[in-house]
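Following the working numbering, the numbering of the sequence shown begins with 1 at its first residue and continues without gaps.
Simulated from the structure, these hints should not be mistaken for laboratory data.
We put the CB at the ideal spot given by N, CA and C, even for glycine.
Any given hint could be a false lead.
Keeping only pairs whose Cα atoms sit at most 20 Å apart, straight-line, the calculated SDA-like set for lysine to any residue is [what the hints assert, rightly or not]: (1) K400 x L379; (2) K212 x D233; (3) K269 x G299; (4) K255 x G223; (5) K174 x T290; (6) K99 x T176; (7) K269 x G242; (8) K172 x T153; (9) K174 x Y150; (10) K224 x L379; (11) K224 x A287; (12) K172 x G198; (13) K400 x R381; (14) K313 x V372; (15) K269 x G223; (16) K172 x P101; (17) K224 x D277; (18) K400 x R356; (19) K99 x T125; (20) K224 x K255; (21) K172 x T123; (22) K313 x P336; (23) K99 x L127; (24) K224 x G148; (25) K172 x Y150; (26) K224 x T176; (27) K172 x I124; (28) K313 x K255.
Listed next, with one range per pair, are the computed distances between beta-carbon atoms [said to hold, decoys possible]: (29) L379 x T136: 23 to 33 Å; (30) L163 x M429: 48 to 58 Å; (31) S145 x S321: 22 to 32 Å; (32) P101 x G291: 54 to 64 Å; (33) T253 x P146: 25 to 35 Å.
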Amino acid sequence: MQWSPTATLRRASDSTPIADQSIFLVATGVAPTTGTFAAVGTTNGAGVAQFAGPALVTGTYTFRAYFGQIVTLPGGNVDGRSAIYGGQQSASATQTIAKAPLTIRANDASRPFGAANPTFTGTITGLVFGDNITATYATTATPTSPLGTYDITPTPVDPDGKLANYIVTIVKGKLTVTPAAIVFTSTRDGNNEIYVMGADGSAQTRLTNNTKSDTGPVFSPDGKRIAFVSDRDGSAEIYTMGSDGTAVTRLTTNKNFDGTPSYSRDGAKIAFTSDRDGNLEIYVMNANGTGQTRLTNSGQADFNPAYSPDGTKIVFTSTRSGNAELWIMNANGTSPTRLTTNMAIDAGAVWSSTNRIAFTSRRDGNLEIYAVDPNGANLTRLTNNTTPDINPDWSADGTKIAFSSFRDGNFEIYVMNANGSGQTRLTNMAGADTQPDLR
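Let's have the full structure, built from the sequences with the hints guiding it.
Have a look at this one:
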């Protein structure tokens with residue numbers, strides 16, 4: 001009497017016998033590799049079906065086992081044993097080699113705008129028997145692609161043709177393009193234009209390109225926008241753009257000078273200088289250009305405003321005492337108080353998140369960078385050169401100061417620690433690189 005139970009051959013990781021009480025199949029190192037096979041008849045004098053050829057590919061195959069004999073498949077991969085049961089003379093079974101699951105996943109990555117893409121990585125899970133399957137990872141983003149996220153797509157590499165034995169799942173990663181670390185002004189291409197670069201001076205990338213002057217760039221607190229000054233429409237006005245140079249928007253419209261923009265720490269306001277009323281004064285507006293309001297009215301020049309870390313105060317430069325000195329007022333323009341008292345120029349103040357104020361002064365005979373507490377205490381000279389050091393700006397955490405220096409015969413961008421140590425040159429161009437702003 002002959003009958004035909006069905007058994008399924010599992011992946012190698014599953015060694016559970018699978019069949020009914022008559023035919024038993026045990027997965028013992030089955031390698032799902034490419035190839036074919038053919039039945040070549042019976043051997044061993046007892047009618048044992050024996051298959052020859054390369055190792056089995058995924059698919060379904062039938063063999064016949066007679067009483068008390070062993071079935072041998074290619075490479076000795078399967079041990080199928082018949083059992084004494086009910087006096088039967090023979091039995092047949094069907095084996096199925098199923099495709100194994102394989103997942104190729106790209107890891108997420110990020111880089112600043114203007115920088116080259118990093119080396120992408122990923123993981124491959126589900127490989128069996130050391131199959132030589134790898135992957136490459138790629139994105140459409142280039143160094144000048146706008147801020148945002150981009151797919152990182154894995155592509156399998158299968159030199160030995162093993163991929164057909166797997167059910168492959170591709171999981172894309174995300175590349176996030178973030179704002180650059182430093183924005184600055186440069187004349188390297190013959191005209192004042194705005195550039196960005198990494199904190200180490202790498203990936204210097206031009207953002208603006210027109211025949212007029214673009215200067216005085218500052219990042220918004222989240223780094224997504226840059227406010228700057230341009231005379232591209234005839235007079236010096238304040239504009240904003242994305243930190244990748246896109247989406248340029250004009251904020252002021254005035255036949256006189258509007259300049260020196262400075263964001264509040266929450267990004268909601270921009271303080272700036274304007275002579276629209278016949279004298280340089282401090283104004284404030286919403287970040288979208290609405291609500292332009294005058295804050296100072298001294299009859300002398302008030303300029304270069306910068307917000308305190310909590311947004312309640314503004315430090316600025318004023319000649320109201322007969323000399324350019326630093327003053328502090330409330331963010332609404334009330335209660336102006338003189339911070340510095342010196343016969344030389346004190347100007348260009350910026351306020352750190354650690355509550356220190358850096359500024360430029362000629363008090364020791366040359367333009368150098370100093371730092372002071374908001375109450376005038378702890379005045380510290382940070383640079384000491386025979387040539388000008390100007391345009392200080394703090395990093396967001398208050399540990400670094402970027403600045404411009406002429407110490408090497410040309411204005412270039414440098415960075416130093418908050419105490420003046422570790423002064424390092426970041427740019428080295430024939431044109432002047434000035435007005436750095438750190439994120």
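Each hint, compared with the structure:
1. A hinted pair counts as satisfied when its Cα atoms are at most 20 Å apart, and K400 with L379 qualifies at roughly 17 Å.
2. The hinted pair formed by K212 and D233 meets the criterion: a straight-line CA distance of about 9 Å does not exceed 20 Å.
3. Only pairs whose Cα atoms come within 20 Å are accepted, and K269 paired with G299 is rejected, the gap being roughly 24 Å.
4. The suggested pairing of K255 with G223 is violated, with an alpha-carbon distance near 29 Å, which exceeds 20 Å.
5. Simply put, K174 and T290 have alpha-carbon atoms about 36 Å apart, too far for the 20 Å limit, and the pair is violated.
6. With a C-alpha separation of about 35 Å, the suggested pair K99 and T176 falls outside the 20 Å cut-off, and the hint is violated.
7. Restraint check: the Cα-Cα separation between K269 and G242 comes to about 17 Å, which is no more than 20 Å; the hinted pair holds.
8. Taking the CA atoms of K172 and T153, the gap is near 5 Å; set against the 20 Å cutoff, the hint holds.
9. For a cut-off of 20 Å, the pair hint linking K174 to Y150 stands: about 6 Å separates their Cα positions.
10. Only pairs whose Cα atoms come within 20 Å are accepted, and K224 paired with L379 is rejected, the gap being roughly 34 Å.
11. Distance hint between K224 and A287 is fulfilled; the C-alpha atoms sit about 12 Å from each other, no more than 20 Å.
12. Between K172 and G198, the direct Cα distance comes to roughly 27 Å. Violation of the 20 Å bound is thereby established for this hinted pair.
13. Simply put, K400 and R381 have alpha-carbon atoms about 15 Å apart, close enough for the 20 Å limit, and the pair holds.
14. With a C-alpha separation of about 16 Å, the suggested pair K313 and V372 falls inside the 20 Å cut-off, and the hint holds.
15. For the hint linking K269 to G223, the alpha-carbon distance of about 15 Å falls within 20 Å, and the restraint holds.
16. Simply put, K172 and P101 have alpha-carbon atoms about 17 Å apart, close enough for the 20 Å limit, and the pair holds.
17. Distance restraint check for K224 and D277: the Cα-Cα separation of roughly 32 Å exceeds the 20 Å cut-off, and the hinted pair is therefore not satisfied.
18. Only pairs whose Cα atoms come within 20 Å are accepted, and K400 paired with R356 is accepted, the gap being roughly 12 Å.
19. Taking the CA atoms of K99 and T125, the gap is about 14 Å. The hint holds against a cut of 20 Å.
20. Among the hinted pairs, K224 with K255 is inconsistent with the structure: their alpha-carbon atoms are about 28 Å apart, more than 20 Å.
21. A distance of roughly 11 Å separates the Cα atoms of K172 and T123; the hinted pair therefore holds under the 20 Å criterion.
22. Distance restraint check for K313 and P336: the Cα-Cα separation of roughly 10 Å lies within the 20 Å cut-off, and the hinted pair is therefore satisfied.
23. Straight-line distance between C-alpha atoms of K99 and L127 comes to about 11 Å, which keeps the hinted pair within the 20 Å bound.
24. Using a Cα cut-off of 20 Å, the hinted pair K224 and G148 holds, with the two alpha carbons roughly 10 Å apart.
25. Proximity of K172 to Y150 is assessed by CA-CA distance (about 10 Å); at most 20 Å being required, the pair is judged to hold.
26. Simply put, K224 and T176 have alpha-carbon atoms about 13 Å apart, close enough for the 20 Å limit, and the pair holds.
27. At roughly 12 Å between alpha-carbon atoms, K172 and I124 fall within 20 Å of each other, so this suggested pair holds.
28. A threshold of 20 Å between alpha carbons decides the hint, and for K313 with K255 the separation of about 29 Å lies outside it, so the pair is violated.
29. Taking the beta carbon of each, L379 and T136 are about 57 Å apart, not inside 23 to 33 Å as hinted.
30. Taken as a hint, the range 48 to 58 Å holds for the pair L163 and M429, whose Cβ atoms sit roughly 50 Å apart.
31. Remark: the range hint 22 to 32 Å for S145 to S321 is contradicted by a beta-carbon distance near 50 Å.
32. Between P101 and G291 the beta carbon distance is about 59 Å. The supplied range of 54 to 64 Å therefore holds.
33. Checked against the hint of 25 to 35 Å, the C-beta distance between T253 and P146 comes to roughly 27 Å, which is consistent with it.
Violation of the numbered hints given earlier is confined to hints 3, 4, 5, 6, 10, 12, 17, 20, 28, 29, 31; the remaining hints are satisfied by the structure.
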